[in-house]
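Given only the sequences and the hints, what does the whole structure look like? Please build it.
Throughout, the numbering used here is defined as the position within the sequence shown, counted from one, plus 9.
Since the hints were made in silico from the structure, they are not lab data. The hints are all genuine.
Within a straight-line C-alpha distance of at most 25 Å, the following computed SDA-like cross-link-like pairs (lysine to any residue) qualify:
#, residue 1, residue 2
1, 92, 110
2, 96, 86
3, 96, 114
4, 92, 63
5, 92, 67
DEER-style ranges, computed between Cβ atoms:
#, residue 1, residue 2, range
6, 25, 121, 41 to 49 Å
7, 20, 74, 38 to 46 Å
8, 140, 110, 37 to 45 Å
9, 46, 83, 16 to 24 Å
10, 148, 64, 23 to 31 Å
11, 127, 149, 15 to 23 Å
12, 81, 127, 21 to 29 Å
13, 121, 82, 23 to 31 Å
If you're wondering where the values come from, they're calculated on a predicted model, not measured in any experiment. Glycine included, each C-beta is placed from N, C-alpha and C at the ideal position.
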Amino acid sequence: MTKPNSQSNLTKVSLIPSSCMGMHIRRASRIVTQIYDAALRPVGLVLNQFTLLVAIHLVESTPVTRLAQELFTDQTTLTRNLKVLEKRKLVIMEPGEDRRIRLVSLTPEGRALLAQALPLWEQAQAEVQARFGQQRSQELLSLLSDTLALTDTA
10 MTKPNSQSNL TKVSLIPSSC MGMHIRRASR IVTQIYDAAL RPVGLVLNQF TLLVAIHLVE
70 STPVTRLAQE LFTDQTTLTR NLKVLEKRKL VIMEPGEDRR IRLVSLTPEG RALLAQALPL
130 WEQAQAEVQA RFGQQRSQEL LSLLSDTLAL TDTA
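Here it is as structure tokens:
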């Protein structure tokens, strides 16, 4: 048996597609990701993998836990994604001084592929920026950076 109030609450559902920030951000993310994935396809990468290679390059030989924090992802998902890159010999995961900690770093092959992928990423970046225009691209980046403040409340 449904409460009379719960049925009237369902009328609010029709407002969600036009007003839900999460739904719009997720949809936009998928659309933009498809552009980058298509650009990176010639070197056998998708945006998620490219992002991992960039992050590892920037913080060379870092604990997996720290990398997960930097990328705002859980360690299990990150480890699964790293294993794909490790299988391709693009990254190496080794025990740290504390054997419980795994350090991840790029292999020479990983650095070479990152260098090869960079111009493809630049093409995708230019395409996305051209669609928005320079000013709106900067505004969008600023708004997206502001979402980092939400991590304090999540």
